[in-house]
Each structure stands twice: as C-alpha cells, then as structure tokens.
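Colleague: Okay, here's what each chain looks like letter by letter:
2 protein chains.
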Amino acid sequence: MSELINNDFSKIMFDRHSVRQFDPSIKIPRDELQTMIEQAATAPSACNLQSWHFVVIDTPEGKSKLKEAAMKFNYPQIDSSSAVIFLAGDTKSHEVYRDVWQKVYAAGKIDKAKLDTILNTFLPLYEKATPEFLTLDATIDCSMVGMQLLLIARAHGYEANPWSGFNFKTIIPTLGLDEKRFVPVMAISLGKPATDQPVLKTDRYNTPMLTEFR
Amino acid sequence: MSELINNDFSKIMFDRHSVRQFDPSIKIPRDELQTMIEQAATAPSACNLQSWHFVVIDTPEGKSKLKEAAMKFNYPQIDSSSAVIFLAGDTKSHEVYRDVWQKVYAAGKIDKAKLDTILNTFLPLYEKATPEFLTLDATIDCSMVGMQLLLIARAHGYEANPWSGFNFKTIIPTLGLDEKRFVPVMAISLGKPATDQPVLKTDRYNTPMLTEFR
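Residue numbers (full-length UniProt numbering), protein chains in the order written: chain C, 1 to 214; chain H, 1 to 214.
It should be emphasised that the hints constitute simulated quantities derived from the structure, not laboratory data. Some hints could be false.
The list treats identical chains as interchangeable, and a pair is accepted whether it falls inside one copy or across any two copies.
[To be verified] The calculated lysine to aspartate or glutamate pairs, modelled on EDC-like cross-linking and capped at a C-alpha distance of 16 Å, are:
1. 128 x 95
2. 63 x 95
3. 109 x 203
4. 65 x 212
5. 92 x 132
6. 201 x 111
7. 103 x 203
8. 192 x 159
9. 169 x 31
10. 192 x 58
Generate the whole structure from the sequences, applying the supplied hints.
Modeller: Following this line, the structure appears as structure tokens:
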C-alpha cells in the first residue's frame, strides 16, 4: 500500500476540511482511485461483513446521470471534481458470511470453537434481521470507510467533501444499482482544490460540553 | 493538538486491527481521553451539526452499569479495557443550528448570502425532518467520528475495538441519556492490548469486486 505523498497523520487528520470547488482540469487515474478505495477498506465493519459498495463517477456521462438524483447546490462539486465516489450500503453482505468466516478458519486464524460461535451466534442475527437493522449496519460500515477515504485522499495529495444532498429514493436506481440490495449512504467528491476558492474551516464545539464520564 | 506518540499515517491506518482483550492494569487519564475525543471531533458532520455525544465509561461502577445493556460476549472487552467510549447520536443537534451558523457568519467566514442559503435551505430540512432522517444523519456523524477515534487511539499508543453488541432499546436509558434525544450508534473499547492475546487481523475482499465505474 504505497503512493502516499503525505504520511503525516496529524496534518492529514487535523488540517482536513471540506473542499467543494475543485480544479476541473485534474484527472485522477482510475487505478489510483481503486488504490484509495482499497486503502480505505481497511476500515472495520460489523462482523467484518464489509457492507460497502463503491460507485466511482468520473466521466461526463456518469456525472450527468448522477445529477439527475443530486440536489442542485451540489452540481458545482460534481462538475469540478475529478471523481465522485458514491458509497452504497450492501444489505445482503451477510449472504456470503458463512464463506467469509470459513476462509478465516481454513487459514488457521481462528479455531473451531470461535468459528462455531460466529456461525451460530452472529449469523442468525443477520438472517433474522429486519431491513432497518441491515440498513443501519451497512450505514455505519459505509460511514467508517467513507471517513478513511476522506483521510486517504489527503495522503494522496487530494482534497474531498462528503455530501448527502441527493434524493434518497431515486439515487440507487439512478446509479444502476439493485434497490432490493443497496441503500444510499454518502457521496464523496475528490480532486485538487480550485486555487481561487476561499477556505471554510468550520469550528467545532468544545467537546467537554458533549462528553460525560461514568 | 499534541501528545501523539505515533504520527505515521500509513502505519496508523493500515496496521490497525480490532483489539478486544486489553491489559486491565492500564489507566488512561481522563484529560487524555478528552483530548482524543477533541481530536476525533475534527471529523466532518452533516451541515457541521456535530450530532455526536460521548459517554466515557472508565470506572467499575460505570462498567457494571454498561454491562446491564451489553451482550455477554462483550463483557471481556468492557472489563479489560481502560475505557469504553459510547457514541450516541444527537437527533436534536439542529436546534442550535441557527446559532452555530450565525457565529460562523459573525466571524466573517461566510457572507450574508451563504448564511441565508444555509438558514433558508438547510435548516427547514431538519426542522421538518422525520425521526428516521435525524437518526440516519446522527448515525453517519457518529460513525465518522468513531472511525477517527479508532485511528487517534493508535496515534496515542493505544488500540481499540468498535462494537455494537448492546441492547439498542435499553442502552440509552441505561447510560442515563434522554431517549427522546439520543440514539445508540456504537461503543469503542480502548486500552493497551493484553500481551498474551492472539492477533486476529481479518482479511478484506478485493475491492475491485465491490467497485463499479460510471
């Protein structure tokens, strides 16, 4: 996992801010986009189900299509970014659950007792789960991989913005995804910042105000 | 924002894995826990509403209480960790929305037109939103700050594990939080790994399998 041009953790995390106006002349090679996705996917997920799915939109045709389901105030960042990576939650990721953990067991990483616990304790939770539970799990997984994507973009020398200003009812079919399987979570615009844009680095609350000790 | 003992981004992100068995003799000072929370809260959130709330559980009494709403297979990590940080989503964060953005405007960071757009376009979306929408937004915000917390823990020399094996119906009142305002998202155990535990570094799918280009 290489190609990082910035490996300074504190600069990557603490100096990150949302960029919405990009230099439209910049193209990010698809193999670099794929590398960033692979690096971001080191994120944890519930039961390692990895309930995430990535739709990379980096062509004029793809962007036009995306705009059909996006709110107008997001058009500038769709148009100017090098790519938009749409994160969809996979509510059927557990259907391969048995295989996933059998492989972990076959590789000698867990013992038979652990395998049995996983298959007999966790698998039924998913098989009997409501759509709401599966959507929640997939949403959390996607949000975590999305956060890593925002950081990894900076490590590659790009900036990004996460946004959810799209029509939650139409975005999935608009992107050609199966509505019975995928749920929308967030879009992330990526690119090099436009040089003439003002930087809006927003403040945060003092976290002690939001923290309780028990 | 200092106190980082590891600032190597790629090591922090790519070598992270879930640790569930900690050295119970290790205490993390509360001011360091608060610092980690503050650093993690540089995460983005929808409209910068920061719909997150942190409950830090680091006492025997707090842990006993937490266990009342946690599934048994998580008891070992509750007992052995230095602290559990519970992330609750705040579905009423938008009630201070007007103040938040007025301050951004007053500080000269956005112009009046931008302020008007925010207050007239985005604020009504929240004021008219369903509980499901507000829960989804808060869940995404909390998951992103949670991901940053997992990384920042490593920058401070600790390890962590995110988990959601708790009773979603009882955890909020068990922690003494207002059920009408807060929704459960995830718990994060923090500490130094127990020295005798086997490392389970799980695999990921090949991401090209989960990626589509448009």
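Colleague: A separate judgement is required for each hint: does it hold in the structure or not?
Modeller: How the hints compare with the structure:
In this assembly of identical chains, the alpha carbons of residue 128 and residue 95 lie at most 16 Å apart only when taken from the same copy (12 Å versus 37 Å across copies). For the identical chains of this complex, residue 63 and residue 95 are neighbours neither inside a copy (32 Å) nor across copies (34 Å), given an alpha-carbon limit of 16 Å. In this assembly of identical chains, the alpha carbons of residue 109 and residue 203 lie at most 16 Å apart only when taken from different copies (10 Å versus 44 Å within one copy). Within a single copy, residue 65 and residue 212 get their C-alpha atoms only as close as 45 Å, which misses the 16 Å cut-off; across copies the closest is 14 Å, which meets it.
Only within a single protomer do residue 92 and residue 132 lie at most 16 Å apart by alpha-carbon distance; the minimum there is 12 Å, versus 21 Å between protomers. Proximity of residue 201 and residue 111 under a CA criterion of 16 Å is satisfied inter-copy only: 14 Å between copies versus 48 Å inside one chain copy. For the homomeric pair residue 103 and residue 203, the shortest alpha-carbon distance between copies (9 Å) is at most 16 Å, but the shortest distance inside one copy (45 Å) is not. For the identical chains of this complex, residue 192 and residue 159 are intra-copy neighbours only, at 6 Å inside a copy versus 33 Å across copies, given an alpha-carbon limit of 16 Å.
In this assembly of identical chains, the alpha carbons of residue 169 and residue 31 never lie at most 16 Å apart, being 31 Å within a copy and 44 Å across copies at closest. Taking CA atoms no more than 16 Å apart as the test, residue 192 paired with residue 58 passes inside one copy only; the shortest distance there is 14 Å, against 42 Å between copies.
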